[in-house]
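Peer 1: Here's the letter readout for the chains.
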Amino acid sequence: MRTIDPDKLQVILATDCGSTTTKAILIERVEGVYRQTHRGEAPTTVEEPSADVTIGVVNAVSEVGELAGRRLIGDDGTILRPSRDGAGCDLYVSTSSAGGGLQMMVAGVVMQMTAESAKRAALGAGAIVMDVIAANDKRRPHERIRRIRELRPDMILISGGVDGGTTTHVVEIAELVASAKPRPRFGGQYRMPLIYAGNREARPMIEKALGERADLRIVENLRPVLERENLGPARDMIHDLFLEHVMAHAPGYDKLMRWADAPIMPTPGAVGSILETIARRAGLNAVGVDIGGATTDVFSVFDGVFNRTVSANLGMSYSIANVCAEATLPRILRWVHVPMEMRDLRNRVKNKMIRPTTIPQTIDALIFEQAVAREALRLAYQQHKEFATTLKGVQQQRTVGDTFRQKAGGQTIVDNMKLDLLVASGGVLSHAPRMHQTAAMLIDAFEPEGVTVLAKDSIFMMPHLGVLAQVHPAAAMAVFERDCLIYLGTCVAPRGTGKPGRACFSYRIESEGARREGRIAVGDLRLVALAAGERARIVVEPERGFDMGAGPGRRVEREVRGGTVGLVLDGRGRPLELPEDPAACRRLVAQWVDDLALYPAPAPA
Amino acid sequence: MAHAYTPGLKVSARASLRRHRVLPIPGEVLVAAGQRVGAREVVAQTFMAGEVTPLNLANLLSVPPGEVPECMLKREGETVRSGEPLARTKGVFGLFKSQYHSPAAGTIESISPVTGQVMLRGEPIPVRVLAYLAGQVVEVWPGEGCAIETEAAFVQGIFGVGGEAFGRLRIASQARDEPLGAGHIREDMADCIVVGGGRVGLDAIRAAQQRRVAALVAGGIDDLDLAAFLGYDLGVAITGSEQLGLTVIVTEGFGDIAMAERTFALLSAREGAEASVNGATQIRAGVIRPEIIVPLAGAAGEPAAGAGAPAAGILEIGAPVRIIGDPHFGLIGQVSALPADPQALESGSRARVLEVALRSGLRVVVPRANVELIEE
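From first to last, the protein sequence lines stand for chains A and X. Plus 1 on top of the position in the first sequence (first one is 1) and you've got this note's numbering. Plus 2 on top of the position in the second sequence (first one is 1) and you've got this note's numbering.
Because the hints were derived from the structure by calculation, they are not lab data. From a predicted model like this one, the values you see are computed outputs, not experimental measurements. Each hint should be verified, as a subset may be incorrect.
With a straight-line Cα cutoff of 25 Å, these simulated BS3-like cross-link-like pairs (lysine-lysine) come out [as the list claims (entries may be wrong)]:
1. X:Lys92 - X:Lys76
2. X:Lys76 - A:Lys209
3. X:Lys76 - A:Lys182
4. A:Lys209 - A:Lys182
5. A:Lys209 - A:Lys256
6. A:Lys139 - A:Lys386
The following block holds chain A by itself, in its conformation from the complex (with noise of 0.2 Å):
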């Protein structure tokens, strides 16, 4: 890999090698401030009959070359360095999810606690958890073993006990893992990739158990004592394994590898970094979402902690289905103003699952998708919730039977009335025909409280950033700041529920030269423009039983930022509830409707 000069930079290309689509984006530094300046897609190669994923970074890159009038392909097929002429790049990174991206098998003691710690850290890392095995998931061992044998991920993570503690359950399930010979997902060519990351005292004994039959890596214990996790050692070495083993057993991955001036990073693995990054830069609290075809990632940062969880089966088009048959189709209809038909809609979902590159043409077949995005976002922050949770098992212990008792009380740090900013990406958020559906999506799924501002990114450039911080992070915060985000606007919503018709705040806002007041009910929503790039002050008086975040009944001042959509107040209530009658359900969300001016009126009946 070259040397790099970051201060010599002055165009960069990155590259995001996704499932269907490799990205490729150049940056510039304009006037001495790094800017995004053209981007360009092609098919991802990785499947036969290309079987290359080079090709489709090319023909990627060329799309940007013509766009940009720079020549970025050199005659050998390889991109071009360093800028010289008007030609070539300085630095070139990537990140890549093709293949299915990273697929990992965790294992701990106690699920709650060691093994959610190493679901923390695979996750953490970019990976897809296949399956969690712990001495405690209410499987008898034979039944693991069959489980492990079935699955072939691409590498395995144990950890189990803290450092001095008992070493019998780990090495226990180390046993478990050897005797059913796990087989990595790219043949058997090489031994299956194992980190161990648990009790330092174990380690001869797994070595022992493992050594012969797979690549074992061993670092620091992820739960040294239970008041702490120390994720990072296994997240480096889970990033070390995937370049080593998974990258270099997928088609053109050698070459790539060679190209790029900085470690391939899984395209989760980055986002989440990028967030993190910017998140503790600027001490807010944020939660991203990424929702796609196949699965939705939520990404937070709360109190400086990371956290992400991937739904695997919630997404809009491989997995729409799924979504269907978890939230089910009356709760997906609870935000349906337009009559549809059960018959119907069950066989459409189904014909988008078979044929997942189909888009909505008409304002129903619109209507009802983000209705299911709807659903499909809600399940996916639900789970995130139960994930991120404080540790489990550390409180006022004093045996270890109180420990057990007390693991249940991990609470979910996730905080909708701390959350100061929401990020949306993916194709139903991101390509919704007017922003202010993206906005409405989010406010219905995500439930944010107080005074949350909404975003979303707007040509999915948060992995290409997410990277390039590992090499130049000040320009991927300058190109974060200037050319990522969006900005729809601020919503402005009161914890607590009421009557309908009741007050629920009272509002004044000051912008330069302007002052607008007002009062909502419960059930309101009002949108009050605030044009991007504007921000304003607003003082909120909620009513007695609806807090803003300073106690219930309690005034709150805080300056707020327009955008594409504007504030949007929501007197609606949070929890936000709907009535269970159909018919008034769908009169009350059609009056909602009415006040985002979601849809071109009228709406076909």
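Position chain X relative to chain A; hints supplied.
Peer 2: Only chain X this time, still in chain A's reference frame:
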């Protein structure tokens, strides 16, 4: 010209097909290159390592894990019968010994002095790979499997459930849009592959199960009927491993859809021939579509047509297409215009579109993403 976003499904009267028949783990290949095989013939076999029964003898005998190796009556690598004594404690002064009898037959794989766990590996499980295609073995990979080639009429479906099945092709519907009901499934259709025209109903599926039909092929299916057949709501389109005793393949999609004319005509022309079908469907990462293969006797076919994965085709004026999105779902026509610039759809989105001249004479504008080429 432009690339179709969705590759069309193959419907070919004669194609040269090659299928790889490979063991999941190394084993023995039973056929030689050049040999002709029948669809039901075993071409390779092996034995998978048996199920493992972990036995925590430290707990079972109430001894410390470190003492378990000394208590063992069998060593690593030795075999044990079900009910045979496996371990015995030393007892106190030779008295009060307790003994543990093996709950299953197998081989002792490991004895752990750390955990007191003994791994007992059961009898090897035989794995057999059938030829699937009636044809000729063209390549053999020793220890792994073989490739079989045949000339066949070939139809790809859009979705299926159930795995590989074989049987004589029987046409049950009179027309390509005639729904397949219980009345179409006759006693003499056992072990046959029964083809309907339009939507296959749940009553037909039940009747087919009862009469031991090998597979049903139809234009469409209602999702509610599929859920009733499977016993659950299908979430992700990865199928093929269902144990339903019946493979079901639909060629067009979900709902009341007639089978494409060409598909129905092709299958009708081959009535009575032996066919192989597979309902396995996978939409994500390496697409697998269900297939109906009717081997032809003799004559050479078009070189390699349909043998590989279908590539994205070219959309051009006059190309036959099927509309695969509402509000014109299932209709078939020809591309009559290909405007270059994106256009606004009723939904408000902007997308590249094309105009389709339907058979009714009507012309409709649809997003390019919502059509698929009808390929040959």
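Peer 1: Look at each hint and say if it fits the structure.
Peer 2: Status of the hints after comparison with the structure:
Proposed proximity of Lys92 (chain X) and Lys76 (chain X) is supported: the alpha carbons are some 15 Å apart, at most 25 Å. For the proposed pair Lys76 (chain X) and Lys209 (chain A), the alpha carbon gap of about 21 Å is at most 25 Å, so the pair holds. For a cut-off of 25 Å, the pair hint linking Lys76 (chain X) to Lys182 (chain A) stands: about 23 Å separates their Cα positions. Distance check on the hinted pair: Lys209 (chain A) and Lys182 (chain A) sit about 15 Å apart at the alpha-carbon level, within 25 Å; holds.
Restraint check for Lys209 (chain A) and Lys256 (chain A): not satisfied, since their Cα atoms lie roughly 36 Å apart, outside the 25 Å limit. Restraint check: the Cα-Cα separation between Lys139 (chain A) and Lys386 (chain A) comes to about 23 Å, which is no more than 25 Å; the hinted pair holds.
Of the numbered hints stated above, the single one contradicted by the structure is hint 5.
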